[in-house]
Amino acid sequence: MKHALSTLALLAALSPLSAGAVEYNQVLPAKSSVAFTYQQMGVAVDGQFRKFSGQLSFDPAKPAAARVSFDVELASVDTGAPEGDAEVAGKPWFNTAAFPVARFVSSGVKAIGGNRYEVAGKLTIKGRTQDVVVPATFTAQGASGVFEGAFTLRRADFAIGEGSWAKFDIVANDIRLKFRIAASGK
Amino acid sequence: MKNHYTATAKSLHWVMAVLIIGLLALGFYMQDLPLSPDKLKLYSWHKWAGVTAFLLVLVRLAWRAGHRPPPLPASMPKPLQLAAHGGHLALYGLMLAMPLSGWLMSSAKGFQTVWFGLLPIPDLLAKDKALGDLLQNVHATLAVLFVLILVGHVAAALKHHFIDRDDILTRMLPARPTTEN
Ligand code: HEM
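These protein sequence lines are chains V and X, in that order.
When we follow the numbering used here, the leftmost residue of the first sequence carries the number 50, and every step to the right adds one.
When we follow the numbering used here, the leftmost residue of the second sequence carries the number 153, and every step to the right adds one.
It should be emphasised that the hints constitute simulated quantities derived from the structure, not laboratory data.
Check before you lean on any hint, since a few could be wrong.
Unchecked claim - The calculated lysine-lysine pairs, modelled on DSSO-like cross-linking and capped at a C-alpha distance of 30 Å, are:
| # | chain 1 | residue 1 | chain 2 | residue 2 |
| --- | --- | --- | --- | --- |
| 1 | X | Lys191 | V | Lys140 |
| 2 | X | Lys162 | V | Lys227 |
| 3 | V | Lys227 | X | Lys311 |
| 4 | V | Lys175 | X | Lys193 |
| 5 | V | Lys100 | X | Lys162 |
Keep in mind the model is a prediction, meaning the values are calculated, not measured.
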């Protein structure tokens, strides 16, 4: 009896720890997506990036301690047309030969209620770095969890689309990025 | 005058003639250009003009249903009359199929058409690359067929005018005061 009680007490003492010990840290690329939408002469056009990777550590119990860095392979862009893919890989756009990846590195994560968070960080594309705040929701799904969110960047801030593309009459300045990042915990 | 087409039929014929020849020329020209803002602009204009042509052919078919064209001259041999009717049928078919295939192609490729940048035309198909490429081939093949039939159409009209010396061409031209009545 005494033995059983002490076991219970031990379990009780451990349980808060074990409940908070799920840390999501393994990005699952096959279940994730990085997509974008922009306006081309008033028409919404969608695209996506097929290759990306990331490191993260996120414990829902300790969001302020969360960290994430995320890389997108820009040459993996899918604009919906092969000649579009070739064009945006080129110098006026991403210049993937010199700048193959876009990188986001978080500087702080803030819980803003419910399952919503604000991830502040630095976004670097084509050698230019901007501070951004990315809103995201987190949903636990069994052993893994899914971060979802969207934010708008201005392509001119990163010199994406130079020269004859620099005006916004054909391709708008605002690019809406939508991500779904699945991660497993341990 | 009774042998003339209605003023509405003539207007539709000539407005669409200009529009379609323009669409064919623009279509062949634009698709060879390297990607540039101008190319995207031309693509949009092509799509807007193509949707306009589609609407006009619907009006034209509705008008045609209620107004028989003047008969072909009795002097024309039966096989040639048949060929004329067949050619006109093919032209109507192409006037419908050309814009329809363009619209379907754009839908399948995931590039929606927004008429004059203002009115979104619903996408008829979900995004599907293989289907988009197939429809692009259909659109291009129909375009070549269209050019061939148009060449025949124009050649026939000119033959009527200069060789047969009948009224087939003039009855589609704007009415002028005539001395015959
Ligand atoms: C009477 C109407 C139309 C005519 C005569 C026409 C004619 C043409 C021609 C000649 C081409 C070049 C084909 C080639 O050699 O590849 C072309 C391409 C094209 N057309 Fe049309 N067209 C018509 C309507 C439309 C419509 C309504 C749309 C879309 C809403 C459209 C969308 C396109 C596109 C996107 C291309 C380029 C295909 C590519 O290179 O990716 N067209 N058209």
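Hints, one by one, checked against the model:
| no. | hint | verdict |
| --- | --- | --- |
| 1 | X/Lys191 - V/Lys140 | holds, 18 Å |
| 2 | X/Lys162 - V/Lys227 | violated, 52 Å |
| 3 | V/Lys227 - X/Lys311 | violated, 62 Å |
| 4 | V/Lys175 - X/Lys193 | holds, 27 Å |
| 5 | V/Lys100 - X/Lys162 | violated, 57 Å |
Checked against the numbered hints given earlier, this structure breaks hints 2, 3, 5; the rest are met.
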